[in-house]
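Peer 1: Taken in order, these protein sequences are the chains called A and B. Under full-length UniProt numbering, the first sequence has 15 at position 15, and the numbering climbs by one with no breaks. Under full-length UniProt numbering, the second sequence has 231 at position 231, and the numbering climbs by one with no breaks.
Hints were generated in silico from the structure; no laboratory data involved. Just so you know, not all the hints are guaranteed correct.
[Unchecked claim] DMTMM-like cross-link-like pairs, simulated, lysine to aspartate or glutamate; straight-line CA separation at most 25 Å:
| id | chain 1 | residue 1 | chain 2 | residue 2 |
| --- | --- | --- | --- | --- |
| 1 | B | Lys105 | A | Asp144 |
| 2 | A | Lys166 | A | Asp145 |
| 3 | B | Lys105 | A | Asp49 |
| 4 | A | Lys51 | A | Asp118 |
| 5 | B | Lys105 | A | Glu75 |
| 6 | B | Lys10 | A | Asp49 |
| 7 | A | Lys94 | A | Glu110 |
| 8 | A | Lys120 | A | Glu194 |
| 9 | B | Lys105 | A | Glu108 |
| 10 | B | Lys105 | A | Glu161 |
| 11 | B | Lys105 | A | Glu48 |
| 12 | B | Lys105 | A | Glu194 |
| 13 | A | Lys143 | B | Asp176 |
| 14 | A | Lys143 | B | Glu188 |
| 15 | B | Lys105 | A | Asp118 |
So you can see what is in the structure, the chains are spelled out below.
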Amino acid sequence: MSHASVPSYRQRIGYQAGLLGGSTLLAAALLVMGDMATRDTIELRKAEDLKASLSQVIPPAMHDNDLLAHPLTLENADGAPVTVYRALDGLQVKAVAYRIVGIGYAGEIESIMGIGADGKILGVRVLAHAETPGLGDKIEVAKDDWILDFDGLSLGEPPAERWAVKKDGGDFDQFSGATVTPRAVVGSIRRGLEFFQSHREALTTPAQITTTDPDAPVRSQP
Amino acid sequence: MSTDTETKPKTPWGRIASDGFWNNNVVFAQSLALCPLLAVTGTATNGLGMGLATTVVMIAAGLLVAMIRGQVTPEVRIPIFILVIAVLVTLVDLGMNAWLHDLHKVLGLFIPLIVTNCAILGRAESFASRNPVLPSAFDGLMMGVGFTFVLVVLGGLREIIGSGTLFANASLLLGDGMSFLEVTIIPEYRGFLLAILPPGGFIALGFMLAAKRLIDARIAEVKRRSAESGGEALA
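If we strip away everything but chain B, and leave its shape as in the complex, we get (with noise of 0.2 Å):
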């Protein structure tokens, strides 16, 4: 990985990774975007569409925000944002209804939502308008691809519990070439309708959050006693 020439103190390029992906992740630390969350994650494929939709308009605010950040002044810095986010939404918008029609049928009326998602305001306002361009990219992805991966866990498991599939209609998304990827794992499943409805995905999302808290203490756990262990080598 390139370092940044332009910053003096080096880029911490692997805490923007993790802090993106894991511990600052949009959905459990900073508890955004929930409203496009619960409402897309029926089914895991389209978890994956809104999380690349997404994905595509932070790296580009970033990027955007960070190659203005010196023009715009801080009184008038937040309807500039609105702007960008505004205008990169709208022709993802259009984009995907030009050349991924078959999903912009299911996602269209959640496509505009997201320029109402706060989580991209919120990192243009925290990271892109105070950092370089590169890093802001990069934060913007990073942030995108934890998104993604909350959207996907949370659609797969409400798909799986609700229709007793995953990825259905996958294809619509990546092509034909991906279809192996749709699988039924329950064959003549009923159904369970109430981990489709929205409170499926805020009960789903509550064991997904207590999961990640889990996890955090475990990972501390074993810091501290491989922390305690050394120190006892040490005396």
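Pulled out of the complex, with its shape left as it was, chain A reads as follows (with noise of 0.2 Å):
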């Protein structure tokens, strides 16, 4: 690029801005299209996933509904929104999952939280989180069998104040090399299941289900 054969036009000022400009504006045509074409997709892969998780903390015989259909929204302690995934068989609410979160060593730990009517944890996963490779990472399923210890118990059992790792005087294990892990876990699980204690009448409640919305997703009926 020789600056000699530069047509004069292009050095004034109304060329680079409009250059930037036009360039500016067919990016963003460009992403446009590109969301266009792929949010459908990526929309349904992200339920895919959920499904799949929800499928981990609830036995898929004790439901005969679509899990992500009907969600209920409810606040939390904090006030902040939780959406309560609820397995129901016809109308009769069997369980409830929703996401909890812990701050752990590097940041949050988000799971997901299965509870039955009877206020007893079906299952918790842990859907994401930052902690160290080989140490805070046994409370992934797929390393250690450490989460699957809380199924079956409820606040009641063991009691509450109990709800803490065995280093501040709980019931639960913690990791050698790692205490802030499972810490933050087990505090997330424990606020999960105050907040099943708190909203218990809301969330077992027989579900009524309006199917004004065509595109809601229909109920197979038992």
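Hey, can you piece these two chains together into the complex? The hints should help.
Peer 2: The structure is reproduced here in structure tokens:
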């Protein structure tokens, strides 16, 4: 690119500005097209992910509905909204599942927790975390059975004050070399149970489903 | 290989290839892109996925930048190149999220970081903005292949030492047909944490850089000897 051969209009400030503006417009158009082409597929993949993790904490035999259909939205103790997925048999609530979050060694540890209508834990699975590989990642079911120890427990069993790791005088094992991570998970599960207790009424009343929305997934009848 | 009719001097395809893969390798010679390199190479599969995504972006960036280089004035070229690269990376990110979702879950955090991979802007600036379309795309391909090569070797080393496997979860990236790649090198291995953590990446990269120097020295030695013996034969 030699400067001598560049036409004079290109050296005007207007050309430069127009060039930048035009390229930005073109880029924006491309991004919109890309977004439109992939949005539905990405939504579908995310729903599949959610369904897969929900099926780990609520046994599929327990319910006959689409777990993602008709979720409830309630407020937790901090006033933040919690989306609750309900497992229904007919219209009877058999179990609920929702996300719980604890602050671990390296940021948030996001888990999903399933609780039966009797208040007992059906299962807990960690969805996302950034804990140290080899130390803190034993909270993943793929690495260790630790998270399975919570199955069947509830807020009375063990009593609320013993919902902590052993180092803090509670009932649950920490890992050698990692206390912060299990402490965060145990704490998030305890808060999840407390959430269930304080909203027990709203969570377990039989579902009232109005099928006015034609796009809503159809409930399979028992 | 077809020659480009546009260029009067013959395009040095062979030199572009050897530069991209070895002599001017993104990591070995330019020491660029170390952040994604060390971040994702816990396993060979992650390295391969990151390398392929980067290669796609590099080829497309080379193509586009070479196409618009006549219109872009030197004063505004950097913002426009960055814009081109950012759009490409976002499109790759969306596409992977939609169609390679499982791999995206692993690499998702690092794909947007391809924008900050200075190697891509570096090639746009130093090669694609001065060369025709085909050689620029080819340069992007070879630079990407060179980068992928380093990612896979480093990922493989760290995976074998760190977890005792090789190409774990390769079927997520390449489809179920390639699951034969997933090998357990050391059964019942307890794992070696250091190799998976970032310091292990630095250490392994150091050994790879040393190996590259050794190989280069050996090649130079062989060339020197053959030149000497050639000279003696003439004399």
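Peer 1: Output the numbers, in ascending order, of every earlier hint that fails for this structure.
Peer 2: 5, 6, 10, 12, 15
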